[in-house]
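Peer 1: Here are the chains, one letter per residue:
There are 2 protein chains.
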Amino acid sequence: MKADWIAVDWGTTNLRAFAMGPEGLRAEVMSEDGMGRLTPAEFEPALIRLIEPWLGQGVTPVLACGMVGSRQGWQEAPYRSVPCAPLEPGQLVPVPVRDGRIRVEIAPGLKQMRPADVMRGEETQIAGALALHPGFDGAMCLPGTHSKWVQISAGEVVSFQTFLTGEMFALFSTQSVLRHGMAGTGWDEAAFDAGVAEGMARPERLAASLFRLRAEGLIADLGADAARARLSGLLIGAELAASRAYWLGARVVLVGSAALTGLYARALAAQAVTVETLAAKDCTIAGLAYAAGALSKPVSKAAE
Amino acid sequence: MKADWIAVDWGTTNLRAFAMGPEGLRAEVMSEDGMGRLTPAEFEPALIRLIEPWLGQGVTPVLACGMVGSRQGWQEAPYRSVPCAPLEPGQLVPVPVRDGRIRVEIAPGLKQMRPADVMRGEETQIAGALALHPGFDGAMCLPGTHSKWVQISAGEVVSFQTFLTGEMFALFSTQSVLRHGMAGTGWDEAAFDAGVAEGMARPERLAASLFRLRAEGLIADLGADAARARLSGLLIGAELAASRAYWLGARVVLVGSAALTGLYARALAAQAVTVETLAAKDCTIAGLAYAAGALSKPVSKAAE
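Chains Y and Z are the protein sequences, given in the same order.
Per my numbering, the first sequence starts with residue 1, numbered consecutively.
Per my numbering, the second sequence starts with residue 1, numbered consecutively.
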């Protein structure tokens, strides 16, 4: 099985590759060779190891997005400044490779100067979401380690704001004093809802609400499932309180994993906001496919 | 050099002991035998190792406060419920010991049911601050890993609220993505002030303000000293925004390390709040001295 072209989602922790044909996705494969564990010289071998079975006689285009394009990545793909379209095929950055069977381009991330903000990888998901929803105007939310809220108008990213929400959840639930009260992986929907309500109503009290999870565990029998779910709710609720300008009265599209988008959809539903949900993988592939469609144009010859 | 009695501040990370005589503090010593690394059977040997040079012919009273009295400590000293005096000599909890040269009592912590909150160790500092400022009415703030705001009236703790501020600073500055932009130990006062102002004005945006530190490091040349100081300011500012009911128009006493109380005093001065500052060590010793004063009373014979 050969690929016409290969889409690559190369983040800090994982490397995911998708073999694409005219009919769409043919195969996918994943490794833990994330950007964070590779030196510049190790990127090409890590990629070849993963995609070699898909390479044929000719040159197979590989389009990558994510932290692979950061300064600490394979090759820096300098940020483009918003407002702009999330991804422009002609502006992908070519990477010199030794293996003649591939040519590689990396999608540049986006930056915003005021307030300062950056994204890498999400721009491709946004481009994909726009490809799947042509003419979309409104807000996109990409929950994750660094959750993004994005205002889209006329095919461009007008502005965006990043929240440390996912990373905060990971730190508090596994590294802080709160970890003692939230072992396991269980869940409690009512506690999540209560956390969202509290986080939205009193976002400024977050540092106190966090300690209260510990105190209730010690003196009020708060269980681990409820504590973890309320922590998640508190953080998502605080994010929604601060991102109201994005979602209030707007069309909202969520792009992410089923688990995370489900939580955000539930929290937004409590605010009478209905959302559409797209899978992150589908959007990444659609975004890179949009870029791949221009690979034969002269403008991208620089990639060779 | 022998001690009349010994004050012990036994936290999660460190064990500090103070040899006390009629004139006050005679000597002090410290080890890293914190509660967190000891099993119950290891507490007495760890204590004896540290204080043995101070023990004489008779029985030397040892009064301890802090996490040593938690469920995971040497012996649980159950929380007392507020409103109540921060420390009552007759209610210290005796600990059975093998070594006949000492008798040991542990100060119980305080709990508040609504909103749920707990403290261990700070109650002793509060009692000490009250011993140093008899008749004090107003707010006390004890900044630290888990910063406490406390309302004091008529010698009692009326209510209190804990903020995860110090632990959040440690996590974000050393464990999160922000650590890449705040190496070293430098400081930038203007950046701290700006962080306080932003944290107080927009506490609900904390998760976004945090990520902005990273983004400004990447695209706007934010330096490590400024990033670390602004992070500190953001967190302290958010704490002040949420604790306004405690300090607004109140007498405020800060109890803690010189470095931390200095930051809080500076942040509060920007709100036209003047504070008095007491050193945590002085307050711990004064609080335990207050408890020690009752050691000869019949009520504490239970300790023998």
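Take the hints with a grain of salt, since some may be wrong.
Intra- or inter-copy, both count: the list cannot distinguish identical chains.
Computed cross-link-like contacts, SDA-like style, restricted to lysine to any residue with a CA-CA straight-line distance of at most 25 Å [to be verified]: (1) Lys-111 with Val-177; (2) Lys-2 with Gln-271; (3) Lys-281 with Pro-78; (4) Lys-111 with Leu-218; (5) Lys-281 with Ala-170; (6) Lys-111 with Ala-224; (7) Lys-281 with Arg-26; (8) Lys-111 with Asp-225; (9) Lys-111 with Glu-76; (10) Lys-2 with Ala-269; (11) Lys-281 with His-133; (12) Lys-2 with Glu-156; (13) Lys-281 with Arg-114; (14) Lys-2 with Phe-169.
Think of the hints as simulated: they come from the structure by calculation, not from any bench.
Peer 1: Taking each numbered hint in turn, which are not upheld by the structure, reported in ascending numerical order?
Peer 2: Hint check: 2, 10, 12, 13, 14 fail, others pass.
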